[in-house]
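2 protein chains.
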Amino acid sequence: MIENDSNGVLGGIDHVAIAVHDADDAIHNLARTLGYTVCGDEIIDEIGVRLVYLSAGEGQGQRTMLQLLQPTRSGPVAEYLSDHGEGLHHVCFLTDDVERGLLRAGEPNVGGVFLGGRGRRCAFLSTQPHGLRVELTEELPWAR
Amino acid sequence: MIENDSNGVLGGIDHVAIAVHDADDAIHNLARTLGYTVCGDEIIDEIGVRLVYLSAGEGQGQRTMLQLLQPTRSGPVAEYLSDHGEGLHHVCFLTDDVERGLLRAGEPNVGGVFLGGRGRRCAFLSTQPHGLRVELTEELPWAR
Numbered sequence: 264m265i266e267n268d269s270n271g272v273l274g275g276i277d278h279v280a281i282a283v284h285d286a287d288d289a290i291h292n293l294a295r296t297l298g299y300t301v302c303g304d305e306i307i308d309e310i311g312v313r314l315v316y317l318s319a320g321e322g323q324g325q326r327t328m329l330q331l332l333q334p335t336r337s338g339p340v341a342e343y344l345s346d347h348g349e350g351l352h353h354v355c356f357l358t359d360d361v362e363r364g365l366l367r368a369g370e371p372n373v374g375g376v377f378l379g380g381r382g383r384r385c386a387f388l389s390t391q392p393h394g395l396r397v398e399l400t401e402e403l404p405w406a407r
Numbered sequence: 264m265i266e267n268d269s270n271g272v273l274g275g276i277d278h279v280a281i282a283v284h285d286a287d288d289a290i291h292n293l294a295r296t297l298g299y300t301v302c303g304d305e306i307i308d309e310i311g312v313r314l315v316y317l318s319a320g321e322g323q324g325q326r327t328m329l330q331l332l333q334p335t336r337s338g339p340v341a342e343y344l345s346d347h348g349e350g351l352h353h354v355c356f357l358t359d360d361v362e363r364g365l366l367r368a369g370e371p372n373v374g375g376v377f378l379g380g381r382g383r384r385c386a387f388l389s390t391q392p393h394g395l396r397v398e399l400t401e402e403l404p405w406a407r
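One line per chain: the protein sequences are C and Z, in this order.
The letter at position 55 of the first sequence is residue 318 when you use the working numbering, and the numbering goes up by one with no holes.
The letter at position 28 of the second sequence is residue 291 when you use the working numbering, and the numbering goes up by one with no holes.
Misleading hints may appear alongside valid ones.
[Stated by the list, open to error] If you want the footprint, here are the derived chain C segments under chain Z, 3+ residues with CB under 8 Å: (1) 278-290; (2) 296-307.
[Unchecked claim] Computed footprint of chain Z on chain C; a stretch qualifies when at least three of its residues, placed anywhere within it, have a C-beta under 8 Å from a C-beta of chain Z: (3) 339-350; (4) 371-380; (5) 383-394.
[Claimed, not checked] Now the in silico label distances, taken between C-beta atoms and shown as ranges: (6) Z/Thr335 with C/Leu378: 29 to 35 Å; (7) C/Ser345 with Z/Gly382: 39 to 45 Å; (8) Z/Gly303 with C/Val376: 29 to 35 Å; (9) C/Arg336 with Z/Gly348: 25 to 31 Å; (10) Z/Leu378 with C/Trp405: 41 to 47 Å; (11) C/Arg336 with Z/Gln391: 23 to 29 Å; (12) Z/Glu309 with C/Leu366: 38 to 44 Å; (13) C/Asp346 with Z/Glu342: 17 to 23 Å; (14) C/Ser345 with Z/Ala406: 45 to 51 Å; (15) C/Gly303 with Z/Glu309: 38 to 44 Å; (16) C/Gly311 with Z/Arg295: 29 to 35 Å; (17) Z/Arg295 with C/Cys302: 30 to 36 Å.
Calculated directly from the structure, the hints in this document are not laboratory data.
Here a beta-carbon is modelled for each residue, glycine too, at the ideal position from N, C-alpha and C.
If we strip away everything but chain C, and leave its shape as in the complex, we get (with noise of 0.2 Å):
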C-alpha cells in the first residue's frame, strides 16, 4: 500500500461508459433492467458518438452515472465494437481541470483534450494502466 499523495487525488467517478451498437435498444434493457432514467441524450459529431446518461433515480447528479456510448461512424468506437462486442469502455473521473488531471497522473504531455458530454472538458490518458482506459471530465460545462 501507498501513501496517499494529496498532489495526485483525482475526483471521484462520474461516469462507467458502455459501449453498444443501438443506444436505443440499450436504454430499453437497461433502465428497465435496473429501473435506471435517461437524464442526458447528445450527438456529438466532432467526435462521431452518441452519449446517453443512465442514472439511478434519487440523486442525480450526485451519484456516478452509466454512460452508453454509441459510435454515429467509423472511429475508435465503432473499432472497439468490433474487436470486442458490446460491454464495459473506460471510466471517467472528475477533476477540477483537465490539464492539472492528466499531469497529475503522470501524462507525459496534455494534449488531446476535447469538448465531450454535457459541454465539458475531457481528456482520455494515452496509457491504459492494467487495461483500464481512464477518462478525465472538468465537473463544469466548458464557458466559451
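Please build the complex by placing chain Z on the supplied structure of chain C, with the hints as guidance.
Same frame as chain C, now just chain Z:
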C-alpha cells in the same frame, strides 16, 4: 426512452471492478495514477478472490469505488484474465435486499447469493445485458 418504474429502481453504483493479475502491482500503479487510497483489502477464500477497494480521498463511503479483483486460485476470474487480460470486469449496484433486487432486475430465480466483499450479501445477474456483467450488493454487512 421509457418511464421510470419505481418497482425497478436499484440504488447507485457501489463499485466498478477491474480484474488484475496482481493486486499489489495494481494498487501501486492505479493509486499513484489516480491519487486514490486503499480503503479495503481482503481475501475471500470461499470464492477464491482478493478484493481491494480504492477510493478518492474525500467522501469515502459516499462515492463509487474501484475494486481490484485478483483471483487466488483457478476459477471464473482466472479464466476471465486468461481470455481477456486485465481490465474492466463488472459494475456493482446497491440494493436494500439482494433477492428483491434480483427479482426487480427480471431474474427468473434468485439463486446464487453469496457473501462477498465487506461481509455483504451479493449476487450476479445470470445475463449480461449489452455485455455488462451486473452484480448487486446490499448496503450493510450481513448480520449472521
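For each hint, the structure was consulted:
1. 278-290: Since 7 is at least three, the answer is holds.
2. 296-307: holds (count 7)
3. 339-350: holds (count 3)
4. 371-380: violated (count 0)
5. 383-394: holds (count 5)
6. Z/Thr335 with C/Leu378: 29 to 35 Å: Given about 44 Å between the Cβ atoms, the range is violated.
7. C/Ser345 with Z/Gly382: 39 to 45 Å: At 42 Å between Cβs, range holds.
8. Z/Gly303 with C/Val376: 29 to 35 Å: holds (33 Å)
9. C/Arg336 with Z/Gly348: 25 to 31 Å: For Z/Gly348 against C/Arg336, whose Cβ atoms are near 28 Å apart, the range 25 to 31 Å holds.
10. Z/Leu378 with C/Trp405: 41 to 47 Å: holds (46 Å)
11. C/Arg336 with Z/Gln391: 23 to 29 Å: holds (27 Å)
12. Z/Glu309 with C/Leu366: 38 to 44 Å: Holds, since Z/Glu309 and C/Leu366 (Cβ atoms, about 43 Å apart) stay within the stated range.
13. C/Asp346 with Z/Glu342: 17 to 23 Å: holds (20 Å)
14. C/Ser345 with Z/Ala406: 45 to 51 Å: Holds, since C/Ser345 and Z/Ala406 (Cβ atoms, about 48 Å apart) stay within the stated range.
15. C/Gly303 with Z/Glu309: 38 to 44 Å: Between C/Gly303 and Z/Glu309, where Cβ atoms are some 40 Å apart, the hint holds.
16. C/Gly311 with Z/Arg295: 29 to 35 Å: Cβ of C/Gly311 to Cβ of Z/Arg295: about 33 Å, so the range 29 to 35 Å holds.
17. Z/Arg295 with C/Cys302: 30 to 36 Å: Roughly 33 Å apart at Cβ, these two residues keep to the hinted range, so it holds.
Consistency note: the structure conflicts with the earlier hints numbered 4, 6.
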